[in-house]
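There are 4 protein chains.
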Amino acid sequence: MGLRIAMEMKMDIAALQAFLVRDFPQAAGDFEFVAVAPPFVTMALIASDKHLRPGGTVSGPSMFGLADVCAYFCILAALGPVALAVTTNCSIDFMRKPLAGRLLCRMELLKLGRALAVCEGRIFSDAAPDKIVARASLTYSIPPNS
Amino acid sequence: MGLRIAMEMKMDIAALQAFLVRDFPQAAGDFEFVAVAPPFVTMALIASDKHLRPGGTVSGPSMFGLADVCAYFCILAALGPVALAVTTNCSIDFMRKPLAGRLLCRMELLKLGRALAVCEGRIFSDAAPDKIVARASLTYSIPPNS
Amino acid sequence: MGLRIAMEMKMDIAALQAFLVRDFPQAAGDFEFVAVAPPFVTMALIASDKHLRPGGTVSGPSMFGLADVCAYFCILAALGPVALAVTTNCSIDFMRKPLAGRLLCRMELLKLGRALAVCEGRIFSDAAPDKIVARASLTYSIPPNS
Amino acid sequence: MGLRIAMEMKMDIAALQAFLVRDFPQAAGDFEFVAVAPPFVTMALIASDKHLRPGGTVSGPSMFGLADVCAYFCILAALGPVALAVTTNCSIDFMRKPLAGRLLCRMELLKLGRALAVCEGRIFSDAAPDKIVARASLTYSIPPNS
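Residue numbers (UniProt numbering), protein chains in the order written: chain A, 1 to 146; chain B, 1 to 146; chain C, 1 to 146; chain D, 1 to 146.
Be careful, since some hints might not be right.
Identical copies carry no separate label here, and so any pair may be met within one copy or between two of them.
Stated by the list, open to error - The calculated lysine-lysine pairs, modelled on DSSO-like cross-linking and capped at a C-alpha distance of 27 Å, are: (1) K97 x K50; (2) K97 x K111; (3) K131 x K97; (4) K50 x K10; (5) K131 x K111; (6) K131 x K10.
I should point out that these hints are in silico values taken from the structure, not numbers from a laboratory.
Just chain A, with the same shape it has in the complex:
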């Protein structure tokens, strides 16, 4: 899409990790940061039994959760440590069953407006990055005075 202009990074992985523990206390152990380079953030799902469906495939809600968390930190990485942004919309397409092993989500911040932020990303297995498992777009509402 032509030149991609790098955004300033307002929070690094260590700072984001502290927010992951603070804002998602029950789920913090399920995720890890792989790469943070605004407008992109890549995170991994550390899948355990609770994330799986019969046959060993990662469940839809687990993939939704991965996309949602990854979008949240995509916004924080560019915006800085602000009051809580909240998801207002998500559209997700499930396309293939993930392979066994680590599941990654690479999310891109497409718009960081005054009131809304829009992200778009893809979920794929670490072992087959060119086979997209799911795609998702998410809108977050940014609280005033952030």
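Given the coordinates of chain A, work out where chains B, C and D should sit on it, guided by the hints.
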């Protein structure tokens, strides 16, 4: 939307409950059937710590999971006990924070085609059914020879 | 979904019609108001050659346009004659081919917040109101100081 | 997303142009092919008065139409000249007002399955390719025996 034509009910609550345990073994205890009357199915989320965010509000992935399960059983109630249908798309809007207490999802089957089924539903707190917490539309792919 | 609380109507059909001509000058002749009773607005598409695909079926963009206009006036009917709201998201599912004749959209305002409004509606042929042709959900951004 | 595996091109621009005229007779003059290299197809909207809103900005339905046509030809370029595929779902986010001048859509085919194809793309002004105007994801149903 004019006359709503009742669909035949192919599975009752007891039959659907057996499939809930079979197809969602890790999550079966999180949900209960409230009403089954095709094209409508209403289910409740039995929220526990794992479903909550800081402040005690139900998380987005938990609401996604409720909508997804409810759509699945909306299809099975009308189609009968078939080979696994899989979610291909979900669009969900989060509009208000849920109140404390039971969270319900009332899902409607809008189309049951040869290859695709489309559902649309709303999530609301038992204590305030006119304040919609979230809305979701989901598409399921129906395997051939179902 | 339980009791539906009627919203106050801030603009009637005559007032909305004046805004249709003002805000959609090229398309005003394509639409007519059928019923306005907040949170519901029903509009019809007056289909002409430009709206049709081979075979005489109404095109996807024409149905998108009908849903978009209907949501816009759903918001204005409840909010009053304000500065321009703009569409930020639409998710639309096309389920059946419309029949010949008038195509209607019945839209419901689900949330009218400070910054965002969310609508959900269904498109159907006048001749078969129980066969849903398409469903759509739309988010509008409401400008500050509206 | 790692290596992008090139798809075989089943139809070139001349062949696609013939289908544009056949399948979209009323709208064929509104669009032109810019680049065809499966899984990518880029098309331009030749905006005229009918595509504009007050202020000279391209309307939402016109951008929806551009995304929809571009996805259709993204599928045909990879699949070949088959029986008509039909749009079943579209999720579109409008993020910025387009600049004056040519509006482009670059669409990518993410999945070409037996029954469904999924595309994702971005709309941007020719003069500012790094400022995304809109993003869209679309699902098409592929008829059996294609």
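Measure nothing new, just compare the shortest in-copy and cross-copy C-alpha distances for K131 and K111 to 27 Å and report within, between, both or neither.
-> both (26 Å within a copy, 9 Å between copies)
Within, between, both or neither, where K97 and K50 count as close if Cα-Cα is 27 Å or less = both (17 Å within a copy, 25 Å between copies)
When no copy is specified for K50 and K10, does a C-alpha distance of 27 Å or less occur within a copy, between copies, both, or neither?
-> Neither way: K50 and K10 sit 33 Å apart in one copy and 30 Å across, limit 27 Å.
From the Cα coordinates, with 27 Å as the cut-off, is the pair K131 and K10 best called within, between, both, or neither?
-> between (31 Å within a copy, 21 Å between copies)
Should K97 paired with K111 be assigned to within, between, both, or neither, using CA atoms and 27 Å as the limit?
-> between (30 Å within a copy, 12 Å between copies)
Intra- versus inter-subunit Cα pairing at 27 Å for K131 with K97 | within (10 Å within a copy, 33 Å between copies)
Hint compliance for this structure: hint 4 alone is broken.
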